[in-house]
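Undergrad: These protein sequence lines map, in sequence, to chains Y and W. Take the first sequence: its letter number 45 is residue 45 in the numbering used here, and every next letter is one higher. Take the second sequence: its letter number 81 is residue 1081 in the numbering used here, and every next letter is one higher.
Everything labelled a hint here was simulated from the structure, so no lab data went into it. Check the hints yourself; a few may be wrong.
Quick list of the computed label-pair ranges, beta carbon to beta carbon [as the list claims (entries may be wrong)]:
#1 Y:G270 - W:T1119: 33 to 39 Å
#2 W:G1031 - Y:R19: 55 to 61 Å
#3 Y:T141 - W:D1313: 46 to 52 Å
#4 Y:P189 - W:R1035: 37 to 43 Å
With a Cα cut of at most 20 Å, we get these calculated EDC-like pairs of lysine to aspartate or glutamate [stated by the list, open to error]:
#5 W:K1169 - Y:E93
#6 W:K1300 - Y:E94
#7 W:K1169 - Y:D313
Simulated coverage check for chain Y against chain W, where a stretch passes if three residues somewhere in it have a Cβ under 8 Å from a Cβ of chain W [what the hints assert, rightly or not]:
#8 11-25
#9 128-139
#10 142-148
#11 219-231
Note that the Cβ used here is the ideal one computed from N, Cα and C, for glycine as well.
Protein chains: 2
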Amino acid sequence: MNVTITGASGFIGRKLARRLLDANALIDKNGREQRIERLILFDVVGGPDELSDDPRVALVTGDITDLAAIEKAIPSDTDTVFHLAAVVSAGAEENFDLGMAVNLDATRQILEISRRHGTRPKVVFASSCAAFGGDVPGVITDMTARTPGTSYGTQKVIGELLVNDYSRKQFVDGRALRFPTVVVRPGKPNKAASTFASSIIREPLQGERAVCPVTPGSRMFLASPRTIVENVLRAHNLDETEWGPSREVTLPGFTLTIREMVDALERVAGKTVVDRIDWQPDTFIQAIVSGWPPEFETAKATNLGLVRDNSMDEVILGFIEDELDGVFAA
Amino acid sequence: MNVTITGASGFIGRKLARRLLDANALIDKNGREQRIERLILFDVVGGPDELSDDPRVALVTGDITDLAAIEKAIPSDTDTVFHLAAVVSAGAEENFDLGMAVNLDATRQILEISRRHGTRPKVVFASSCAAFGGDVPGVITDMTARTPGTSYGTQKVIGELLVNDYSRKQFVDGRALRFPTVVVRPGKPNKAASTFASSIIREPLQGERAVCPVTPGSRMFLASPRTIVENVLRAHNLDETEWGPSREVTLPGFTLTIREMVDALERVAGKTVVDRIDWQPDTFIQAIVSGWPPEFETAKATNLGLVRDNSMDEVILGFIEDELDGVFAA
């Protein structure tokens, strides 16, 4: 299998790449398990360098709004594209045109290039639960209208619609996965409005203070990086007949208040760690987060065999194991 | 008010233009009734010539995929754009790239040009109930997921999403209206998969034979041209505060089987007229029409004061009055 990951230096991209290289197996379009022959890791910032020594890896650095760069990243023998590159929520809200160029136009270009190859490659598109916002019912189901309250959410829903139609037209074999808010994200805070949900776990565990810009009662729909990567692979490997006419799905997640997240942190790491959180309300962030519905019923995902985290405690322990070499600052 | 209609030579465009010129009034963004100062009628085929003598009318002929042409059609002093131009369902299915260019890219260009003017003009976008398809519930509500089963439907839903987001960002004051299947459409059959629904009424009333390509039990969600134009104007004239965050709405319609439509024709015009229908199933058209859900609950439209036809008999009588000078071939 010749595979491309866009946004490969992002935290999901890195984990997915590592997982693919370790497993050295993907299910091809004929339902057969195949080795990874080539893995193109495409990102605007270059890298991820830690994977560059693997002979199967080709790093391609480029701007995803540059057609020539995407064409280089998706050669005609590509079997699978994992399209993760995006301008995140607050970033797309601040710079509307950049969000449109990266989240909408580049997604369309990736579908067009895949179509032009004529080989109907698999395209796995990372969408987001930001697809839902505004006056939504108490529980979001697979048949709830996508009513995004942000430009990011709008662009992601448009991407889902394109993935569906390009798949129906037999141009690609697409799958669009709505990610819950991912915790605990490693690295530094980014421009996602949800970035604090990871910061309030990650920074205190490393002895640093973190700001929580929303109220303790704010509720979020969450999934861990481990579970997201697992579901991205499962969604890829499913036979297209299992998808049916609609190629989009909300990934399973779990709903907690910020208070419940912090309680889990205290159970896992103790009160000293939790006391490193500063509660400083930010009306801009609170408004965006309050616009995201917290309760989801993900029946389609369950039917497709996609999986859910067991508990926040386990998610935090997984972060400590994967990202902190098992050690936190008590 | 300086007004532009795209797709002005289409049958809804012509009726809307005539109605605007006759009424000589629209509600502006401040809620005040204003006269029509200028009406730009834009269409790729030129015309409509019957309105060209009116001193308020400017005909602009051009291809909506040509940016310079759209810029000419929407000058910087434009207060309102009625964006009706489209490649219809079977047309967009046959020529995917043309559908994307006209239904998606041109809609985005119209929103971009309106944004660039910096005056936040009203943009009324003609969407379609083809937004819904596939495995939908028995009754479609305002909160049912848009799951288009055609490229046309996909492109229209994307247009709705863009109208919503451009409105939320205060770039335009948009409204996206999902049209039911319009009966009775005057003129000749077009490439819409639904065109037969008008043909089976229109042709027999003029002494000509017509083909019905679907089964008598096929059910459709319908509205008359008179009611569509009335609702387009009402939707335009509503204050934006009445719309709330979501600028999209399914217009009211009524659901009938083809058999019930033909029964109404027989009541209005007699058996000789009805016997001019040839029942010749077409699997391509049947498949598209069967994918459109027939039952809608349009609560939001009702709350906004939008209106519904009273009966199919009245719709047929309206067609005879408006398009046949009150005379049909008995």
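Undergrad: State for each hint whether it applies.
TA: Against the structure, the hints:
no.: 1; hint: Y:G270 - W:T1119: 33 to 39 Å; in the structure: 58 Å, violated
no.: 2; hint: W:G1031 - Y:R19: 55 to 61 Å; in the structure: 58 Å, holds
no.: 3; hint: Y:T141 - W:D1313: 46 to 52 Å; in the structure: 39 Å, violated
no.: 4; hint: Y:P189 - W:R1035: 37 to 43 Å; in the structure: 55 Å, violated
no.: 5; hint: W:K1169 - Y:E93; in the structure: 9 Å, holds
no.: 6; hint: W:K1300 - Y:E94; in the structure: 31 Å, violated
no.: 7; hint: W:K1169 - Y:D313; in the structure: 39 Å, violated
no.: 8; hint: 11-25; in the structure: violated (count 0)
no.: 9; hint: 128-139; in the structure: holds (count 4)
no.: 10; hint: 142-148; in the structure: holds (count 7)
no.: 11; hint: 219-231; in the structure: violated (count 0)
Violated hints for the displayed structure, listed by number in ascending order: 1, 3, 4, 6, 7, 8 and 11.
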